[in-house]
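There are 2 protein chains.
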Amino acid sequence: MRTGIATVCLSGTLKEKMQACAIAGFDGIEIFEQDLVTSPLSPEDVRKMAADLGFTLDLYQPFRDFDSVPEDLLAANLRRADAKFRLMSRLGMDTMLVCSNVATATIDDDGLRARQLAALAELAGDHGVRVAYEALAWGKYVNDYEHAHRLVEMVDHPNLGTCLDSFHILSRDWDTAPIEDINAEKIFFVQVADAPKLSMDVLSWSRHYRVFPGEGQFELAKFMGHVVRAGYTGPVSLEVFNDVFRQSDVERTAVDAMRSLIWLEEQSAKWLEANAANGAAGTVAGGPPAPARRRYPMELTTLPQVAEPAGFNFAEVKAADTAALETVLGQLGFEFNGRHRTKDVQLWTMGHARVIINEQAPSGSAAPGAAAPAIAALGFDVDSPVIASARAQQLKAPAVPRKSQANEEVFQGFAAPDSTEIFLCQGSPDGTAAWINEFGEPRWFGEGLEVPSGGRSAVIDHVNLAQPWQHFDEAVLFYTSALALEPQPYAEVASPSGLVRSQVMQTSDRAVRLVLNLAPLLQQDGTRHKTYQEHIAFAVDDLVATARSARERGLNFLQIPANYYEDLDARFGLDPAFLATLQELNLLYDRDGDGEFLHFYTATVGSVFFEMVERRGSYDGYGAPNAPVRHAVQYDHLHQLTSSTHSTTH
Amino acid sequence: MRTGIATVCLSGTLKEKMQACAIAGFDGIEIFEQDLVTSPLSPEDVRKMAADLGFTLDLYQPFRDFDSVPEDLLAANLRRADAKFRLMSRLGMDTMLVCSNVATATIDDDGLRARQLAALAELAGDHGVRVAYEALAWGKYVNDYEHAHRLVEMVDHPNLGTCLDSFHILSRDWDTAPIEDINAEKIFFVQVADAPKLSMDVLSWSRHYRVFPGEGQFELAKFMGHVVRAGYTGPVSLEVFNDVFRQSDVERTAVDAMRSLIWLEEQSAKWLEANAANGAAGTVAGGPPAPARRRYPMELTTLPQVAEPAGFNFAEVKAADTAALETVLGQLGFEFNGRHRTKDVQLWTMGHARVIINEQAPSGSAAPGAAAPAIAALGFDVDSPVIASARAQQLKAPAVPRKSQANEEVFQGFAAPDSTEIFLCQGSPDGTAAWINEFGEPRWFGEGLEVPSGGRSAVIDHVNLAQPWQHFDEAVLFYTSALALEPQPYAEVASPSGLVRSQVMQTSDRAVRLVLNLAPLLQQDGTRHKTYQEHIAFAVDDLVATARSARERGLNFLQIPANYYEDLDARFGLDPAFLATLQELNLLYDRDGDGEFLHFYTATVGSVFFEMVERRGSYDGYGAPNAPVRHAVQYDHLHQLTSSTHSTTH
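If you're matching them up, the sequences are chains A and B in order. Residues are numbered in the numbering used here as their position in the first sequence, beginning at 1, plus a constant of 2. Residues are numbered in the numbering used here as their position in the second sequence, beginning at 1, plus a constant of 2.
Any given hint could be a false lead.
Each pair may be met inside one copy or between any two copies, as identical chains are not told apart.
What the hints assert, rightly or not - Taking lysine to any residue and the SDA-like style, the derived pairs with C-alpha atoms no more than 20 Å apart in a straight line are: (1) K199 to R209; (2) K17 to L640; (3) K17 to A496; (4) K199 to Y211; (5) K188 to H129; (6) K86 to P578; (7) K50 to G30; (8) K199 to K224; (9) K17 to L501; (10) K50 to A564; (11) K17 to G94; (12) K86 to L576.
To be clear, the hints were calculated from the coordinates, so they are not data collected in a lab. This structure is a prediction, so every number in the text was calculated from the model and none was measured.
Construct the complete structure from the given sequences, taking the supplied hints into account.
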């Protein structure tokens, strides 16, 4: 598949955009007119630069408001087009995007439109240029790709064809199957964009909220499947207007964009595969035989295939001073499993939940509080770390190799968009990990205290990571494509410093649950977002027993206000003894049609805290109704700390 | 008018919110349930705190999903209500908001709904509580305030009344006139919120985009006029769900909120005044005589009245090192008018355009580059500075008195939300300013060089200020209410670092044009937003002559790329000689149905640059199509500066 991207997707100057596209490895780009008009580079400079950077200039865009106009305006439009065609020959470009008229169209007559488009095609032909005509979703008279293509067929000119843009088609819910009926030679260009499903006017939606494939909710693999079946072999080019991408780091956005096309290519191949099979199976008895598997001229590269991860292998917290972490883990019932043979790391376990304490200051250490504990890495159990790693590399995930000795297990690792390190580990059916043998003789914490029985089968239930606002969509695609996690509909949770957007990514069996939180802006400072607290949650069988043991060991629980328990009672009408237990132990509670959820939180250490949960029945959530309580209490603690610091230092 | 605010409008803990409401001077507050549930304060603490802070607790809210349910759910809902009524008696609150059912309603039967609401009212009565029933705009069966009130009338119980919320009524475009037909005693509560007109689903619109009155586009004065005419005398209380307010400084947001109610009160009085007259004039001959002016029990306080400002009196730029500024102003054709008798400021004039250079570092001087020139203050010509100042003070604008000697003109000044100082000056019909006599003997800049004839009638055309994202809506209300500027529909302009939202505030005669720009987030660092460049534009009669003179004096023009002029020609088909002049002098050009616009920009000094404009015909815009060119060139300069710094220092 030939990959492309429109310069309007990216931030910066035309030169910066072109360089970033080359680094990300695009085959070609679309030049957005405004990027050229505002550039000090001459058309000849741009042409040379593209050649030097090794990609083609595939599309000049857009030419707006051409068709359905009165004669005098048509003449002016043709004059304007002529100037642009001349510019394009200096650029060495042969295809121009012409959008259906939005602003100046006054005559709704397909015959007139066809004649006007014919005049444009004729003029284009004189300059050796092809015109790709596209129906904008909000075009005044033409807003449906089939209508646009009927016009192209009416004109029947070699220099006029169709441009298909997934946003304009899928935002209007047009049926994509008829794409297959279009003569491939008349599909001059294909643009792809994804988007979250929003119910708002389509123009605002298009101009601000488009995202790269895999970051939204459009059925893009199906769209592409039909395009491939039609026989199209040209560029598949991203045209994504997004307020965030327009202000984010250009090289990083270009890589995110390329990852989205690599993923889309794979998904399209899968859709074709699945759909060919369905087609055969669906043949009616007595009907025509299923056609032989059709070959499509577009070559779709596939990636190494991985299954969903089977679970968390470990979570790693970095801390320059590990004492507070050790205390909390011990109080929760974790056992100290010793230090690593060759590295400055400790292993703590509870059942199959493994926490590594890395005795280093977290990165970004110039920031205040950076030496405090922070989540640094997550390990995932996969079938084959080598295959999973190869896949991630092909998806342009930045590798983070970890030093190891000859006889130690080598982890394949990658940096996630928020800079958390993701390691791919060899899973085992019994939930153990071979590498724990690399840790020395365990020294037991809190001798004489029993590990609570509920803890023996403990696992990491979920991990909650804060995402910088510039990299939220990128993170969704990263975990979807590289780790085979499935994004769920997001929730919004109130906190005293603003709404927190909470995006769950999980495996179908829920063995891995990763929660990506988009913190309020004032809790982010652009470079270091971790003023927002992150956490690791462990699931146990008997939360009440776990909490009692932890209390005996002196754990500093997050203190839940009495008002919460009154409200809980008003909502659920709980058994008074049970309610008293919850309140006594600072436990939170939720219930829905599937089951019940009990959980508690520890006080925060650095930017990390821990949660212990018990899922009863088939409860599948995270106690979202309780999140505002947690946020409010944590906020209060933080402010008390801040004000006590102030009163001491001022 | 009794003022109120719901705690959900504000950031922080319940305690912080209550303190901020007291400082802003609200008469009462609504307690949002989640704020109480998440608070360590007991209901009794909250009650005492409110009494100590001097306001009442007017409404407990919300109680959701009560009506239109089957019997078993009704019983559970009544039990839940009973718990909340008991809680309210501990809080000393007597009114609860009950919203029409969204989630659990299954039976669409007004008779059943009335019986269920009657049961609730009866229970409320037992606790001495009143229930205010409100139709949510997205209520499943009840989403219209008239429907909600018909139910209240059917029930006819002293403890059941109506809550009117402007958002739920105006978002659905319900007619507000029938409010006058409601028996005032049955209107238990009135909530107000404004909103920008967005075409999106009403729930998302409501939960994220509400703003305070005067910051949106709803006809709130009319809504309130009908409420007052109905005879309602209870609290008028803000219920504003806004993503930005929820994360902004709580005390500041509370003051912004109070300002919006003070302004709404005045606008409501004006609407009543205007509408009473209209009503009389509209009486049909032979119909009943116009009613005598009706008196309404709600007392509406009025503010000192001011007309629109007549023009800019001056613009002030602060700079620790003034040399670069002096050079640019001199090159533009400004004359140096001497130094002030007692202050370290210089006066530069061109026609009636006056620029004060204040020889001080701009405030916030810890930030890098803070000593560089920045726009610090604007003076506006008003009829009466004293009256305008009194009005601004009543609108809670923070005063910034300026030191002055006995025989000097005293400016009344206020800090705008972005911290620009706004001074109210005595206007004069001939456009002169008396205070210039306080400046010493002029020393002429560039002796022997003529002031270009076009410059003799120069004025400040517009000023463009960057706004921090947390204070954008606040700024719109500030300039609307305190300075009588009118907000125009906003535009969005592309820049290499993201979209810039551009909001024009102007007088009806365009003598004052103030542009508020919301810069991309990465150009803001929360505390100091001025990495985004701001500018002052001067209008002259002959821009070409002004530009030629400036070039002779060596002005460093913002260099416009050649591609721009090619595109200009393609768009407008300009006379070749004129086009050559534009390109030779780095002039930009725009044209619309009303006229033409010529302009050029200087290079940036610190965070300030200057623009010279010529308006031909009735052109009323700002050359918005050219803004991306300016942004791109400025961005390029900034990056070249940054990278040349890098190459020297590394």
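Now for the hints, and whether the structure bears them out:
1. K199 to R209: both (14 Å within a copy, 17 Å between copies)
2. K17 to L640: Only across copies: K17 and L640 sit 15 Å apart there, 45 Å inside one copy, limit 20 Å.
3. K17 to A496: Result: close only across copies, 16 Å inter versus 42 Å intra.
4. K199 to Y211: both (10 Å within a copy, 18 Å between copies)
5. K188 to H129: within (19 Å within a copy, 75 Å between copies)
6. K86 to P578: Result: close only across copies, 18 Å inter versus 78 Å intra.
7. K50 to G30: within (14 Å within a copy, 69 Å between copies)
8. K199 to K224: So K199 and K224 pass the 20 Å test inside one copy only (17 Å; across, 35 Å).
9. K17 to L501: Between copies only: 19 Å across, 38 Å inside.
10. K50 to A564: between (70 Å within a copy, 18 Å between copies)
11. K17 to G94: Close inside one copy (17 Å), not across copies (66 Å); limit 20 Å.
12. K86 to L576: Cα proximity of K86 and L576: across copies only (16 Å, versus 73 Å in one copy).
When each numbered hint is compared with the structure, no violation occurs for any of them.
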